Amino acid sequence: GAVVSQHPSWVICKSGTSVKIECRSLDFQATTMFWYRQFPKQSLMLMATSNEGSKATYEQGVEKDKFLINHASLTLSTLTVTSAHPEDSSFYICSAWTSGGSSYEQYFGPGTRLTVT
Amino acid sequence: GNSVTQMEGPVTLSEEAFLTINCTYTATGYPSLFWYVQYPGEGLQLLLKATKADDKGSNKGFEATYRKETTSFHLEKGSVQVSDSAVYFCALSRNSGYALNFGKGTSLLVTP
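Taken in order, these protein sequences are the chains called A and B.
Per the numbering used here, residue 14 is the first one in the first sequence, and the count goes up by one each step.
Per the numbering used here, residue 204 is the first one in the second sequence, and the count goes up by one each step.
This is chain A alone, in the form it adopts within the complex (with noise of 0.2 angstroms):
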């Protein structure tokens, strides 16, 4: 099946610094990548859509200049958290869509654990 990884699976970084964190699918080409942040115990809620070459589309109340989303390629996707602080502490997960599989179905990355101290 589709194989979606990210990287790092856990960082702990110190506030007022960025970090990284990168989509790859690995045997797909991804035409749209969705980014989503879960909080523990609730749902997951999507932060942003990018397609490739384009410029991301993030939800209302997600700060663009915070988080920085890139799709270069079709199967690579990075979100950027700049100057980060404690409330960005959450566990992020992409997900990737192709429209060359199964039209209706997203494969999800195992996510990654944020912790800024």
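Since the hints were derived computationally from the structure, they do not count as laboratory data.
A couple of the hints might just be wrong.
[Unchecked claim] Below 27 angstroms or equal to it, Euclidean Cα-Cα: the simulated DSSO-like pairs (lysine-lysine) are:
id, chain 1, residue 1, chain 2, residue 2
1, A, Lys-77, A, Lys-54
2, A, Lys-77, B, Lys-307
3, A, Lys-54, A, Lys-79
4, A, Lys-79, B, Lys-307
5, A, Lys-54, B, Lys-307
Here the structure is a predicted model, which means the values were calculated and not measured.
For this one, chain A is given, so just place chain B on it according to the hints.
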């Protein structure tokens, strides 16, 4: 806007018990409905889906029927196994290629 409400967990069942996890939704138009499962330490996996009213999705003994009249998509399994222990998410999407709206997830623990 679109939203999904699912029953709070955790749910604890004995092996071979019957499982129901309730899910209701609010949406404009005709969304597609999904159940995703997240096993410990793994990413979300699609369990089953239904793309129009009265469709029944099924997989690995799990079933859910898209009920437009009650805006529901309840997950059922007749006989759960210990290996079914996971977190289950109900979700909807307004169309192919669009983002998913998730419920809060229901944790299921099946004991031997």
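Margin query: Check the structure against each numbered hint from earlier and tell me which ones fail, lowest number first.
Written below: none
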